[in-house]
Every structure is written in structure tokens, then in C-alpha cells.
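K.L.:
Take the given structure of chain A and dock chain B to it, following the hints.
Protein chains in written order, with the numbering used here: chain A, 867 to 1076; chain B, 867 to 1076.
Worth flagging that the hints you see were computed from the coordinates, not collected in a lab. Treat the hints loosely; a few may be bogus.
Copies of the same chain look alike in the list, so a pair counts if it works inside one copy or between any two.
Listed next, the in silico DSS-like pairs over lysine-lysine satisfying Cα-Cα at most 25 Å (straight line) [stated by the list, open to error]:
hint, residue 1, residue 2
1, K1063, K1027
2, K891, K879
3, K1027, K871
4, K1076, K924
There are 2 protein chains.
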Amino acid sequence: MLLEKLNWRYAAKKMDPAKVVSEDKVERIVEAARLAPTSSGLQPFEIIVVTNAEVREKIKAIGWNQSPITDGSHLLVFAAWDNYTAERINHMFDLVNEVRGFRNEGWENYRQMLLSAYPQRDPETNFEHAARQAYIAFGLALAQAAFEGVDATPMEGFDPKALDEILGLRERGLRSVTIAPLGYRQVEGDWLVNLQKVRRPRDQFVTEVK
Amino acid sequence: MLLEKLNWRYAAKKMDPAKVVSEDKVERIVEAARLAPTSSGLQPFEIIVVTNAEVREKIKAIGWNQSPITDGSHLLVFAAWDNYTAERINHMFDLVNEVRGFRNEGWENYRQMLLSAYPQRDPETNFEHAARQAYIAFGLALAQAAFEGVDATPMEGFDPKALDEILGLRERGLRSVTIAPLGYRQVEGDWLVNLQKVRRPRDQFVTEVK
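If we strip away everything but chain A, and leave its shape as in the complex, we get:
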């Protein structure tokens, strides 16, 4: 099922500006990202869903003028934590205890281990670690979009600092890492739509150690 959807999806280069992705589909796409596994369950990133036309025009200008940014109906921005702080770590562990209704000793020891390790590391190392987690969720959001029949174009071609400014992310301790417009492919005008998907053959991609 998933493989079929992954074969269907591609990075749409031209979206139909007349078509709008329904809110329930967007919600499920975001939900796939929210359910993604992350290191220690910390979910060290957030998603900004931009529909505002003016804001998306600004983002397009710092995003190589890629048309899906404004021709799609929604733009997902994945923004990772700029650092792991004690407050952020404690917030998640407290939430886990609250939801589960008890404190697990091993889990509390694990909290102390993280508190003694992460906040002392340099922020850039922590940001890179957080960014990687965001990419797990990014992949799952793209997969869910395919299940919804929605086109999503994964994009790294933008100026992250400029995007952070447009969305006021740094003040919130966040840094943009990757984006994806959601919309519907416009077959006319998309050079990529009918081209074959290319992946390295299995023998160049997988090694077995038996």
C-alpha cells in the first residue's frame, strides 16, 4: 500500500492554483508528522502551515521563485529546535508522566541522562540532531499526502535565515529546515510529471551482511 503511494508521488513542479486541499486532508498530513517517532520522543520541531497569500509570496521570493509555493494551497514549514534545553526536555518528560499517570523509574533515569548530556552540547550539534528528527516526520507527511491524493513538493531550495525572519521563528527558538507546498499537480506546464521515477538499483543501495 505504502509502496504504491510512494511510486505515485513525485515532486510536482507545477501546481494548479485553482485547486485547494481540504482542511481535513491537511490535518491528516500534519497528524502523520505528529505521530512520527523521534529521538527520546522529544519531537524537537514544529510545523507552520502557511496559507496567507502575502506571506507565501515573500517565501517564494526567497525560495528560488518556485511556483508551487504560491500555486499550492498550503505551505508546510518544518522548523527544528535551535537547541535542547533543560526546560524543553522536562516539558516532554512531564507530559509523558501526565498522560500515562505515573512515573517510571527507568524513564526518570533516562530524563536525568538527557539533562546531563544535551543542554551542555553546543547548540549547532543539538540543532542538527533536531533537524534530523524533523526529516523523519517530513517523510511521513509526504507519504500521508500521497495517501490523500495530494501533491507535495519537498523543497530545500530556500534561504532558511530569510524564512526564519519572515515567520519570526528565531524568537521562538526555531530554525526552518525544510518546506513542502501542498496542492494538486497541473499536468500542463510540469516538465517532470510524465518522466520516469529514477532510483539507484537495489544492488547499489543495499548490502547484506549474512
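P.N.:
For chain B alone, coordinates are given in the frame of chain A:
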């Protein structure tokens, strides 16, 4: 469909050593990773599938002694390129041209842009970029495992340098980034299996810019 599977999955802490994941399931899990979208389609990572018992014992020893590494039947190792080189970039662009049977001018211009940008950057920056792409595929492999009814435990708790040595990855221009044993949960002995999955509520995770 995907959301249901993501709700089913969890990071199994104890796997049943008597149960073996069938090869066709492993193939489809790897295939999901192979189909993952990556920046410029470069697929800057490989997967090593380890079944060898002795090798997995060694990996367990440098992986915090986490039992699923040896109790599962397969261990997936995601290893990212240590750098972007002209040779690697050209290899993928040549493959695309070969599969599609023609040269697209825009695509060739894009190749030149990458060649003028990536190989000159410092290797660490390129490795981090490649690692992020591996995480997209990692997420999709975990999702496919869930579709197969297979447990997969995402793990970053290992010594990457030691793992690189065990598998001889550096000589191949690769660096391990994340691993996942595949197997079947053993309900007895797994402290996590019956605990509620916890994720930050939507309002702490998503912002809308309307």
C-alpha cells in the same frame, strides 16, 4: 491507513528471538527507503542489512546492549555519504539520463549548479545534509515495517565510529547515522508495550499563518 499504522507502531524494547521476519517483508521495507524522496534525487546514503549473529553481537556491545539488536532477526543500518563528490553527483545524473533515455537541458544545468556548489563545501556540512536525507528514508522504512506488521525500533543509541569500523563503512565513503532492528515484539519483558503513546498536542505542534 498510514495514520492507523503509525498509531500501531512503537519502539519495541523487547523482541522475540524465536521469530524471524520473512525476506519478502524485509525487501519491501528496504524498498520504501529506496523510493524515498531525497534532495536533488541523489539518494546520498545506503542501507546495510545485517543478519550475521556475530556481527550483531558486536554491534549490540557498542549499542548500549540494547537487546532488540540481537533478538530481532534483521538489523537495518542507514549510512550516509561522508561527502558529496563530483563522481557521486555525476553517477546519479548519468543514471537518470540513462533510464529516461534523453538529456533534459534544465536537468543538465541543475547538474552543473550542484557540481559548482556541493564538492567545494566542507565534508561535515555535506555529511549532515546527506544524513538528513537518510532520515526521510528511515521514517518511510519504519512506516513500511508497520504495514508489514513488523516491529522496528529506531535507535540512535550506539557509537557511530565503532559501528563504522565493524562494518567497514569509512572505506566505502559512508558513515552510520541510525539503525533499526526488525523483529516481533515480545509482550512479556517489554516495559513500553502497553503504555500509551505520547505526542505533544496539536496546539503545541502546529501554528497556522492565515
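K.L.:
Against this structure, judge whether each hint is valid.
P.N.:
Do the hints match the structure? See the list:
no. : hint          : result
1   : K1063 x K1027 : neither (32 Å within a copy, 34 Å between copies)
2   : K891 x K879   : within (21 Å within a copy, 33 Å between copies)
3   : K1027 x K871  : neither (33 Å within a copy, 36 Å between copies)
4   : K1076 x K924  : between (52 Å within a copy, 14 Å between copies)
The structure fails hints 1, 3 (numbered hints given earlier, in ascending order).
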